[in-house]
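Next come the chains, spelled out residue by residue.
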Amino acid sequence: MTNAEHKKSGSDETGQTVHTMTGAEVLLQVLADLGVEVIFGYPGGAVLPIYDAIFQQDKIRHILTRHEQAAVHAAEAYARSTGKIGVALVTSGPGATNTVTGLVDALMDSIPIVCISGQVFSSLIGNDAFQEADTVGITRAATKFNYLVKDKEKLADKIREAFYIAGSGRPGPVLVDIPKDLQLAQVPYVKKEIKSHPSYKPVTEPHHQAIKDAVTAMKKAKRPIFYTGGGIINAGPHASEGLRKLVKLSGFPCTSTLMGLGAYPASDKQFLGMLGMHGTYEANLATHGCDVLIALGARFDDRVTGSVKDFSPNALKIHADIDPSQINKIVLVDIPVIGDVARIIELMIQEWEAQSDHSVDQEALKNWWEQIEKWRAVDCLKYQQDTKAGEVIKPQHAIRRLSELVKEKSKEAYVSTEVGQHQMWTAQYFPFESPNHFMTSGGLGTMGYGLPAAVGIQVAHPDALVIDIAGEASTMMNIQELATIKQYRLPVKIFILNNRYMGMVRQWQELIHGGRYSESYSESLPDFVKLAESFGLKGMRARTIDELDTMINAMLDEPGPVVMEIQVEREENCFPMIPAGAPHNQILLGPVKEKTKTAS
Amino acid sequence: MDYIDKKTLQRSAQQEKDEFIKAIFSLIVENESGVLSRVIGLFAGRGYNIESLTVAPVDDHGRKSRINILTSGTPMVINQIKEQLNKQIPVYQVVNLCQQGPYVARELALIKVVSKGSERAEALNLADAFRAQVVDASVDSLVFELTGKTEKIDAFVDLLRPLGLVELSRTGIAAIGRGCQTI
Ligand SMILES: Cc1ncc(C[n+]2csc(CCOP(=O)(O)OP(=O)(O)O)c2C)c(N)n1
Ligand SMILES: [Mg+2]
Numbered sequence: 001m002t003n004a005e006h007k008k009s010g011s012d013e014t015g016q017t018v019h020t021m022t023g024a025e026v027l028l029q030v031l032a033d034l035g036v037e038v039i040f041g042y043p044g045g046a047v048l049p050i051y052d053a054i055f056q057q058d059k060i061r062h063i064l065t066r067h068e069q070a071a072v073h074a075a076e077a078y079a080r081s082t083g084k085i086g087v088a089l090v091t092s093g094p095g096a097t098n099t100v101t102g103l104v105d106a107l108m109d110s111i112p113i114v115c116i117s118g119q120v121f122s123s124l125i126g127n128d129a130f131q132e133a134d135t136v137g138i139t140r141a142a143t144k145f146n147y148l149v150k151d152k153e154k155l156a157d158k159i160r161e162a163f164y165i166a167g168s169g170r171p172g173p174v175l176v177d178i179p180k181d182l183q184l185a186q187v188p189y190v191k192k193e194i195k196s197h198p199s200y201k202p203v204t205e206p207h208h209q210a211i212k213d214a215v216t217a218m219k220k221a222k223r224p225i226f227y228t229g230g231g232i233i234n235a236g237p238h239a240s241e242g243l244r245k246l247v248k249l250s251g252f253p254c255t256s257t258l259m260g261l262g263a264y265p266a267s268d269k270q271f272l273g274m275l276g277m278h279g280t281y282e283a284n285l286a287t288h289g290c291d292v293l294i295a296l297g298a299r300f301d302d303r304v305t306g307s308v309k310d311f312s313p314n315a316l317k318i319h320a321d322i323d324p325s326q327i328n329k330i331v332l333v334d335i336p337v338i339g340d341v342a343r344i345i346e347l348m349i350q351e352w353e354a355q356s357d358h359s360v361d362q363e364a365l366k367n368w369w370e371q372i373e374k375w376r377a378v379d380c381l382k383y384q385q386d387t388k389a390g391e392v393i394k395p396q397h398a399i400r401r402l403s404e405l406v407k408e409k410s411k412e413a414y415v416s417t418e419v420g421q422h423q424m425w426t427a428q429y430f431p432f433e434s435p436n437h438f439m440t441s442g443g444l445g446t447m448g449y450g451l452p453a454a455v456g457i458q459v460a461h462p463d464a465l466v467i468d469i470a471g472e473a474s475t476m477m478n479i480q481e482l483a484t485i486k487q488y489r490l491p492v493k494i495f496i497l498n499n500r501y502m503g504m505v506r507q508w509q510e511l512i513h514g515g516r517y518s519e520s521y522s523e524s525l526p527d528f529v530k531l532a533e534s535f536g537l538k539g540m541r542a543r544t545i546d547e548l549d550t551m552i553n554a555m556l557d558e559p560g561p562v563v564m565e566i567q568v569e570r571e572e573n574c575f576p577m578i579p580a581g582a583p584h585n586q587i588l589l590g591p592v593k594e595k596t597k598t599a600s
Numbered sequence: 001m002d003y004i005d006k007k008t009l010q011r012s013a014q015q016e017k018d019e020f021i022k023a024i025f026s027l028i029v030e031n032e033s034g035v036l037s038r039v040i041g042l043f044a045g046r047g048y049n050i051e052s053l054t055v056a057p058v059d060d061h062g063r064k065s066r067i068n069i070l071t072s073g074t075p076m077v078i079n080q081i082k083e084q085l086n087k088q089i090p091v092y093q094v095v096n097l098c099q100q101g102p103y104v105a106r107e108l109a110l111i112k113v114v115s116k117g118s119e120r121a122e123a124l125n126l127a128d129a130f131r132a133q134v135v136d137a138s139v140d141s142l143v144f145e146l147t148g149k150t151e152k153i154d155a156f157v158d159l160l161r162p163l164g165l166v167e168l169s170r171t172g173i174a175a176i177g178r179g180c181q182t183i
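Those protein sequences? They're chains H and B, same order as listed. Going by full-length UniProt numbering, the first sequence opens with residue 1, and the numbers climb by one from there. Going by full-length UniProt numbering, the second sequence opens with residue 1, and the numbers climb by one from there.
Hints were generated in silico from the structure; no laboratory data involved. Keep in mind that a hint or two might mislead.
Stated by the list, open to error - Each pair of labels, with its calculated beta carbon distance range: (1) H:F121 / B:K116: 32 to 38 Å; (2) B:A44 / H:D546: 55 to 61 Å; (3) H:P526 / B:I50: 29 to 35 Å; (4) H:D463 / B:A44: 46 to 52 Å; (5) H:H208 / B:R178: 21 to 27 Å; (6) H:Y488 / B:G45: 33 to 39 Å; (7) B:S141 / H:S307: 45 to 51 Å; (8) H:Y488 / B:I176: 32 to 38 Å; (9) B:I40 / H:L48: 43 to 49 Å; (10) B:I40 / H:E571: 43 to 49 Å; (11) B:I50 / H:S267: 49 to 55 Å; (12) H:S307 / B:S37: 44 to 50 Å; (13) B:Q100 / H:Y488: 24 to 30 Å; (14) H:D12 / B:I40: 47 to 53 Å.
Claimed, not checked - Derived coverage of chain H by chain B (criterion: at least 3 residues anywhere in the stretch with Cβ under 8 Å from a Cβ of chain B; other residues may be distant): (15) 132-145; (16) 194-203; (17) 207-217; (18) 234-241; (19) 328-336.
Claimed, not checked - Negatives, chain B to chain H, calculated, CB over 12 Å: (20) K22; (21) S37; (22) A44; (23) G45; (24) L85; (25) A105.
Keep in mind the model is a prediction, meaning the values are calculated, not measured. Where a beta carbon is used, it is the ideal one built from N, C-alpha and C, also for glycine.
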């Protein structure tokens with residue numbers, strides 16, 4: 001029960017009960033009505049009335065992060081791992097400006113979050129008041145929509161509208177800026193829902209002719225491939241289930257973007273792994289050589305396409321997306337299908353069955369699979385790990401063993417990553433079997449995402465195994481969140497692959513800039529074990545290959561949080577790699593494979 | 001949705017890939033603060049150019065405004081501009097008048113000329129020929145008002161340059177489709 005019931009009330013012309021509460025109380029009441037259970041935030045002058053209202057209720061839990069950027073990343077990961085809308089609460093000025101990276105991150109990866117920011121008193125706006133910033137101006141290009149609430153009568157509706165906009169259509173971040181006087185004012189509250197908007201009408205139902213044309217083209221394909229993206233995960237479990245059905249029904253191979261991993265089970269034979277810059281040999285060559293490309297909830301990012309003019313050059317392209325602006329943005333497509341991808345897949349399955357008199361050319365499909373198996377036999381993810389005691393740990397091996405040991409314990413982990421080589425190795429060596437289990441910063445590539453993301457996931461799933469696979473440099477970017485982990489006793493496992501380099505930067509410098517390692521060495525690192533201990537957390541370390549499994553098991557068996565430092569090979573590179581702007585058939589395989597290729 | 005439109009774009013974009021085409025976007029938007037800067041910010045942020053822009057409220061209650069934007073780009077870019085504009089939450093509708101069918105586009109210019117004697121007389125003669133109004137006059141100056149197509153105003157302005165043109169103020173175009181069709 002909130003304080004709503006104790007406040008003054010009357011009724012409006014429709015007979016609905018109108019309560020009058022403070023703006024801050026209305027905010028919390030509306031959030032509770034919307035089903036919000038958790039807010040990630042950080043207090044300050046311009047949100048004190050809201051914090052006061054939080055103190056006096058017990059429906060909504062507040063998680064205090066140690067930086068506003070972290071609050072937003074935590075809200076993002078909360079959203080992505082649950083399918084709900086994440087909520088962040090910050091003060092005006094520096095509180096709001098600190099959210100910008102998180103907001104853009106959510107915008108790029110289509111993550112539904114609502115950020116509530118406090119603003120100075122309405123009468124002070126424009127006066128360069130203490131902690132005033134033009135928050136809506138600054139975040140306009142960082143959000144799907146933002147709004148400064150000026151009229152107290154509209155407060156409740158603007159919050160409801162923010163949730164509707166964030167969660168519908170192509171999801172994204174919405175910011176609502178609330179001046180302090182509105183938080184303090186007496187504001188009317190009527191219970192209601194908002195499920196539409198006068199000028200914003202996302203299309204969810206696809207054009208049926210488009211579905212027909214798409215399926216007809218798919219049935220005629222000789223070398224087809226599904227190219228799936230984060231849209232499938234955003235569209236909910238129903239979309240992933242549908243995708244599994246459609247892929248099985250058709251017998252076609254399936255590849256995925258970084259953001260789409262988990263939508264189709266990695267262990268399935270029809271899955272070719274990730275495509276793009278660090279995608280597998282088979283996924284990229286199949287995408288390059290296919291005759292029908294079926295893009296589902298993916299947006300032809302340049303990390304996926306490489307050279308656009310050489311991308312999948314001979315394919316008829318089908319593109320399903322909820323956002324019409326993604327169609328023909330980068331690659332011209334033949335059959336656009338606009339709508340909710342879950343619904344599109346459902347209709348494609350129906351249409352596939354309806355067109356039962358047309359069957360796929362099984363002979364051609366068999367040849368296609370034979371070709372793909374040849375590419376797969378190249379075993380592009382092979383690495384060489386020396387297993388003698390005292391040998392250096394290869395980062396790929398550390399991730400592979402982590403995934404295997406998690407499986408041995410019959411657990412399924414939620415994984416977040418930071419940004420860099422370890423992120424790509426995670427995509428390559430940690431197989432994801434279900435959606436919503438992999439949280440990573442794809443579009444923006446934000447170092448510092450992984451640790452606060454792990455906070456958000458663990459808050460959403462208190463009993464689950466949550467692992468942040470990190471690099472040492474990225475970890476330093478939001479290291480303060482160790483305090484949040486301690487405060488809320490979040491049993492996250494922070495798995496740091498310490499190569500003492502900003503590895504991904506070092507790799508580009510080695511391959512593209514003549515080995516001039518300008519500023520990419522991680523100088524003056526902390527002792528991660530002692531650092532963990534100073535935050536009151538358990539610190540562990542593995543230095544050599546003989547310690548690896550023992551330490552991973554020790555970490556997984558530890559009921560509380562662990563900071564694990566894995567010292568790995570410093571100059572290992574991430575392969576396969578398609579250099580930026582190169583076509584998909586120019587794949588660098590790396591030293592191990594180049595050797596085996598000439599040997600065979 | 002405009003499934004067929006998009007397929008047509010595919011064909012036309014392939015034929016005239018890198019050729020620039022002109023577009024006049026007419027937008028109906030929510031009349032609230034921040035909408036215009038959202039639209040302009042979109043053009044700036046994505047590197048689209050704005051040749052002219054006009055905006056004013058158009059309904060009885062002043063709740064909706066119409067923005068007219070003259071721009072150009074490759075067919076793919078023009079399509080992107082349209083979709084990106086459509087995606088803005090406070091935008092009700094976007095129409096590319098150049099694509100929709102025949103349309104009328106007009107702009108208004110105020111032109112100040114400072115001259116004497118034969119130059120002044122010549123300027124007045126030209127104004128007559130172009131059907132420009134004299135809206136202000138002093139001993140040494142004239143202000144003409146001219147409404148018309150952009151090309152007509154360009155021509156008038158060019159002729160006045162050697163005749164003492166000192167200041168120019170133009171509205172940018174307002175445009176509307178011909179016939180019964182509305183946006
Ligand atoms: C906020 C931010 N700044 C800079 C970069 C550029 N960048 C990409 S990867 C990387 C190095 C990451 O190093 P580390 O976390 O140690 O991971 P590794 O590549 O070594 O696995 C850098 C600096 C970025 N992605 N994000
Ligand atoms: Mg590193």
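Here is how each hint holds up against the structure:
1. H:F121 / B:K116: 32 to 38 Å: Roughly 58 Å apart at Cβ, these two residues miss the hinted range, so it is violated.
2. B:A44 / H:D546: 55 to 61 Å: holds, 57 Å
3. H:P526 / B:I50: 29 to 35 Å: violated, 50 Å
4. H:D463 / B:A44: 46 to 52 Å: holds, 48 Å
5. H:H208 / B:R178: 21 to 27 Å: With Cβ atoms ~33 Å apart, the hint is violated.
6. H:Y488 / B:G45: 33 to 39 Å: Given about 38 Å between the Cβ atoms, the range holds.
7. B:S141 / H:S307: 45 to 51 Å: For S141 of chain B and S307 of chain H the Cβ distance comes to about 60 Å; the hint is violated.
8. H:Y488 / B:I176: 32 to 38 Å: For Y488 of chain H and I176 of chain B the Cβ distance comes to about 60 Å; the hint is violated.
9. B:I40 / H:L48: 43 to 49 Å: Distance hint for I40 of chain B, L48 of chain H is violated at roughly 35 Å.
10. B:I40 / H:E571: 43 to 49 Å: holds, 48 Å
11. B:I50 / H:S267: 49 to 55 Å: Holds, since I50 of chain B and S267 of chain H (Cβ atoms, about 52 Å apart) stay within the stated range.
12. H:S307 / B:S37: 44 to 50 Å: Given range 44 to 50 Å: violated, Cβ gap about 36 Å.
13. B:Q100 / H:Y488: 24 to 30 Å: Once the Cβ atoms are compared, 57 Å apart, the range 24 to 30 Å for Y488 of chain H and Q100 of chain B is violated.
14. H:D12 / B:I40: 47 to 53 Å: 39 Å Cβ-Cβ, so the 47 to 53 Å window is violated.
15. 132-145: holds (count 6)
16. 194-203: Holds: 5 residues of the region 194-203 of chain H have a Cβ under 8 Å from chain B.
17. 207-217: holds (count 3)
18. 234-241: violated (count 0)
19. 328-336: Check passed, 7 qualifying residues.
20. K22: holds, 19 Å
21. S37: Given a closest Cβ separation of 7 Å, the condition is violated.
22. A44: violated, 9 Å
23. G45: violated, 5 Å
24. L85: violated, 9 Å
25. A105: Correct as stated: the minimum Cβ-Cβ distance to chain H is 25 Å, above 12 Å.
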